[in-house]
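We have chain A already, so just place chain P on it with the hints.
Residue numbers (our numbering), protein chains in the order written: chain A, 1 to 375; chain P, 376 to 559.
Hint data in this document are derived by calculation from the structure and do not stem from the laboratory. A portion of the hints provided could be inaccurate.
Computed Cβ-Cβ distance ranges for the label pairs, DEER-style [said to hold, decoys possible]:
#	chain 1	residue 1	chain 2	residue 2	range
1	P	L535	A	M361	18 to 26 Å
2	A	K80	P	Q478	27 to 35 Å
3	P	A547	A	V77	38 to 46 Å
4	A	R135	P	P536	43 to 51 Å
5	A	V237	P	V542	29 to 37 Å
6	A	P78	P	L535	52 to 60 Å
7	P	I549	A	N220	38 to 46 Å
8	A	G271	P	L535	31 to 39 Å
9	A	L375	P	A547	31 to 39 Å
10	A	R49	P	I407	55 to 63 Å
11	A	N220	P	V484	55 to 63 Å
12	A	M361	P	V546	55 to 63 Å
13	P	Y533	A	D129	50 to 58 Å
Each computed SDA-like pair below joins lysine to any residue, with the alpha-carbon atoms no more than 25 Å apart [claimed, not checked]:
#	chain 1	residue 1	chain 2	residue 2
14	A	K354	P	A413
15	P	K557	A	L348
16	A	K80	P	L435
17	A	K20	P	G431
18	A	K178	P	F457
19	A	K354	P	A551
20	A	K178	P	S418
21	A	K354	P	F457
22	A	K178	A	Q347
23	A	K178	P	L456
24	A	K354	P	A550
25	P	K557	A	W353
26	A	K354	P	G452
27	A	K354	P	P415
28	A	K80	P	L408
29	P	K557	A	A189
30	P	K557	A	M349
31	A	K20	P	L435
32	A	K354	P	M548
33	P	K557	A	K80
34	A	K178	P	I461
35	A	K80	P	S418
36	A	K354	P	V460
37	P	K557	A	F345
38	A	K354	P	L435
39	A	K80	P	L463
40	A	K80	P	A413
Positions of the beta carbon are idealized from the N, C-alpha and C atoms, including for glycine.
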Amino acid sequence: MNENVFIENLLIYAVIPLIKIVVIVLVLSGAIAYLTLLERKLIAHIQVRLGPMRVGWHGLLQPIADGLKFLLKEDIVPAKADALIFTIAPAISLIPAFLVFAVVPFGPPDMLQDFLGWTLGWFPFLNLDEATTERIAQNAIASGGYVTDINIAVLFVLSVSSVGILGIILGGWASNSKYPLLGALRSTAQMVSYEVALGFAIIGVLLVAGSLSLVEIVQNQQQEQLWYIFVQPLAFVLFFICGLAETNRLPFDLPEAETELVGGFHTEYSGFRFSLFFLAEYANMIAVSAIGVVLFWGGWLRPFPSFEWLNFLNFIPGVVWFLGKVFLFLYVFIWVRGTLPRFRFDQLMQYGWKIFLPVAMANVIVTAGVILAFL
Amino acid sequence: MKARPLYLLISPFAMEATLFYILATMLVVFAILTVTAANPVRSAVYLISALLGMAGLFFLLQAEFVGAVQILVYVGGIMVLFLFVIMLVSVREVETQRRANRQWKTALVLGIVLSFELVYFVVQGADVFRIDTISQDLIIESQTLNTETVGGLLYSTYLLPFEIASVLLLVAMIAAVVLTQKQL
Numbered sequence: 001m002n003e004n005v006f007i008e009n010l011l012i013y014a015v016i017p018l019i020k021i022v023v024i025v026l027v028l029s030g031a032i033a034y035l036t037l038l039e040r041k042l043i044a045h046i047q048v049r050l051g052p053m054r055v056g057w058h059g060l061l062q063p064i065a066d067g068l069k070f071l072l073k074e075d076i077v078p079a080k081a082d083a084l085i086f087t088i089a090p091a092i093s094l095i096p097a098f099l100v101f102a103v104v105p106f107g108p109p110d111m112l113q114d115f116l117g118w119t120l121g122w123f124p125f126l127n128l129d130e131a132t133t134e135r136i137a138q139n140a141i142a143s144g145g146y147v148t149d150i151n152i153a154v155l156f157v158l159s160v161s162s163v164g165i166l167g168i169i170l171g172g173w174a175s176n177s178k179y180p181l182l183g184a185l186r187s188t189a190q191m192v193s194y195e196v197a198l199g200f201a202i203i204g205v206l207l208v209a210g211s212l213s214l215v216e217i218v219q220n221q222q223q224e225q226l227w228y229i230f231v232q233p234l235a236f237v238l239f240f241i242c243g244l245a246e247t248n249r250l251p252f253d254l255p256e257a258e259t260e261l262v263g264g265f266h267t268e269y270s271g272f273r274f275s276l277f278f279l280a281e282y283a284n285m286i287a288v289s290a291i292g293v294v295l296f297w298g299g300w301l302r303p304f305p306s307f308e309w310l311n312f313l314n315f316i317p318g319v320v321w322f323l324g325k326v327f328l329f330l331y332v333f334i335w336v337r338g339t340l341p342r343f344r345f346d347q348l349m350q351y352g353w354k355i356f357l358p359v360a361m362a363n364v365i366v367t368a369g370v371i372l373a374f375l
Numbered sequence: 376m377k378a379r380p381l382y383l384l385i386s387p388f389a390m391e392a393t394l395f396y397i398l399a400t401m402l403v404v405f406a407i408l409t410v411t412a413a414n415p416v417r418s419a420v421y422l423i424s425a426l427l428g429m430a431g432l433f434f435l436l437q438a439e440f441v442g443a444v445q446i447l448v449y450v451g452g453i454m455v456l457f458l459f460v461i462m463l464v465s466v467r468e469v470e471t472q473r474r475a476n477r478q479w480k481t482a483l484v485l486g487i488v489l490s491f492e493l494v495y496f497v498v499q500g501a502d503v504f505r506i507d508t509i510s511q512d513l514i515i516e517s518q519t520l521n522t523e524t525v526g527g528l529l530y531s532t533y534l535l536p537f538e539i540a541s542v543l544l545l546v547a548m549i550a551a552v553v554l555t556q557k558q559l
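Chain P on its own, in the form it takes in the complex:
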């Protein structure tokens, strides 16, 4: 009997599956560490790692634009500002504080519901994830470049939601300025 050729081990499918499981494990482990870490800066570092794993998943799905923006906005922008604030807090004080607040009962109920949902999906298998109603246009467009597709859709089909989201962010920004300024 001929030996199994070596190249089957690095077939694209096996590569993709391996990378997926590595990234998914990383994502779950760091997400758990984010909520369990006592030190807020450590917690932020774990969250950054989880976000990077998420970006890796986007790259794996060939959504490289979303992946890069995920890193640029969340890791490079939001998490940097998070750390900026956390650094100025006395860490020792936070570490000794009670971790669970009064909302733990609500959180428990929600957690149980979500767990049931997860179990349901696992039991049902891949079929429930199949989206039948995907339009033919999107499939054709996804053949072209990622960035151009996203840009085109944002400024045509989804122009109104996009603009509403922008105005919302602008309002939040102005509100932050007004709140921090004692007199204008």
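If we strip away everything but chain A, and leave its shape as in the complex, we get:
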């Protein structure tokens, strides 16, 4: 192993992934900030209001003002709260929400190939010859439109997001107050119930895709020239509904139902810690949308890959298609919030266990049967 190979490996396995991680975290934080503005604006227009108008043109600087306010507010820990757990709970909630994006494929494995070949020349101190630059650019780990492609990506997403629930429970308990405790109890019951149905809905797609890697799932859709939404429409409907429930969005936002529970599990939280919970909630929303796009809507693929006369669409890069689809998902999330009333808690549990779970199981059994019999 000489120095050159060492630098090559360092770039491929450490430096470039780290840069990607930093970019994703920064872009995600910005996206979340503006997602809150989008939500406020959309809900306002649905309710024939104007929404934020004061800070910047049509409230465009509102998220920045909100962020500053969160940072400057007094940091309050309730007197009888469990201070340690109260402090770490927001982090337990936020870290898994961001961790999911480590395996989300934003673009195809060769997304950054040209870009890397072009930019590596900017750093003369690396002393890279052309062949090495070429090798780095060709390496999927360096040039892929994702941080990492692991062969258990779907399981990773499910297990990591199940850890996020702990933040909510612990935060609600540590506050030592009745509303947060009730909110935490509700969200635990809700998330555990809907996680099961969500898992079964995903298994339907996995059976068709034959892989647990998110990159491979998109590549299989490319190969078959078909988005899995057309193969597994029922699984998608279930995924979407359970996704709403998992992210505590209306009509499933009972954990923080403001009319009955003040603010749910984060009633006692204020300032920066509250903003961490808030970030986690919106990061989860984007994560569910991204996973939904990858599993059902062809990830970075353009619409109707089988129609050749639409080939002119190929000039738009995959990552733009991906982000566009995620945006559509988020739009529908907000739209649903502006449209539907909230469930009652017993209704929510009934739907979860008695309708969604059996239907999702039936979907898995029928899909497996069809694959076994005809394919």
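Below, chain P without anything else, positioned relative to chain A:
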């Protein structure tokens, strides 16, 4: 004399050993804290940390399927339900209760036996851990994907134990429903 090249410091072996010791320390420390913490919720949090360290060890052994399932089932499922129950218990009452119950003598004997076992293994070294009878099939299969290997083995070689375990869990589930329901 030429200076030692920097890359030797981050060789895969050194990385693996470092990660192992970090994870192992984390596992042992949190396991001890789990049994010594007075507050049951704290205790549950320490147990979660220990389980995450365990999952990390599985990842290190390239058993990523087992690692992910460990997090999904134990941390995301069982520990969430644990916390669900513990939250409803009055913590102050539990904190003042006696910690060791009447079984401490039995536990002491078992603990001593286990300690001797541990010392024996440490003295004997790595040789006692070597498994000679590992079948050639398993070695070949472990070259392929983890999840597929586990799935294949569960539905072929180990089908019967797997089904028995499933039925056992089903029985436990039905029993829990029957016990909580006053009238069926």
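Hints, verified against the model:
| no. | hint | result |
| --- | --- | --- |
| 1 | P:L535 / A:M361: 18 to 26 Å | holds, 24 Å |
| 2 | A:K80 / P:Q478: 27 to 35 Å | holds, 34 Å |
| 3 | P:A547 / A:V77: 38 to 46 Å | holds, 41 Å |
| 4 | A:R135 / P:P536: 43 to 51 Å | holds, 47 Å |
| 5 | A:V237 / P:V542: 29 to 37 Å | holds, 32 Å |
| 6 | A:P78 / P:L535: 52 to 60 Å | holds, 54 Å |
| 7 | P:I549 / A:N220: 38 to 46 Å | holds, 39 Å |
| 8 | A:G271 / P:L535: 31 to 39 Å | violated, 57 Å |
| 9 | A:L375 / P:A547: 31 to 39 Å | holds, 36 Å |
| 10 | A:R49 / P:I407: 55 to 63 Å | holds, 56 Å |
| 11 | A:N220 / P:V484: 55 to 63 Å | holds, 57 Å |
| 12 | A:M361 / P:V546: 55 to 63 Å | violated, 20 Å |
| 13 | P:Y533 / A:D129: 50 to 58 Å | holds, 52 Å |
| 14 | A:K354 / P:A413 | violated, 40 Å |
| 15 | P:K557 / A:L348 | holds, 24 Å |
| 16 | A:K80 / P:L435 | violated, 40 Å |
| 17 | A:K20 / P:G431 | holds, 23 Å |
| 18 | A:K178 / P:F457 | holds, 19 Å |
| 19 | A:K354 / P:A551 | holds, 18 Å |
| 20 | A:K178 / P:S418 | holds, 22 Å |
| 21 | A:K354 / P:F457 | holds, 24 Å |
| 22 | A:K178 / A:Q347 | holds, 23 Å |
| 23 | A:K178 / P:L456 | holds, 19 Å |
| 24 | A:K354 / P:A550 | holds, 20 Å |
| 25 | P:K557 / A:W353 | holds, 21 Å |
| 26 | A:K354 / P:G452 | holds, 20 Å |
| 27 | A:K354 / P:P415 | violated, 33 Å |
| 28 | A:K80 / P:L408 | holds, 23 Å |
| 29 | P:K557 / A:A189 | holds, 22 Å |
| 30 | P:K557 / A:M349 | holds, 21 Å |
| 31 | A:K20 / P:L435 | holds, 23 Å |
| 32 | A:K354 / P:M548 | holds, 17 Å |
| 33 | P:K557 / A:K80 | violated, 38 Å |
| 34 | A:K178 / P:I461 | holds, 15 Å |
| 35 | A:K80 / P:S418 | holds, 19 Å |
| 36 | A:K354 / P:V460 | holds, 23 Å |
| 37 | P:K557 / A:F345 | holds, 23 Å |
| 38 | A:K354 / P:L435 | violated, 40 Å |
| 39 | A:K80 / P:L463 | holds, 17 Å |
| 40 | A:K80 / P:A413 | holds, 17 Å |
Going down the numbered hints, you'll see the structure goes against 8, 12, 14, 16, 27, 33, 38, while the others check out.
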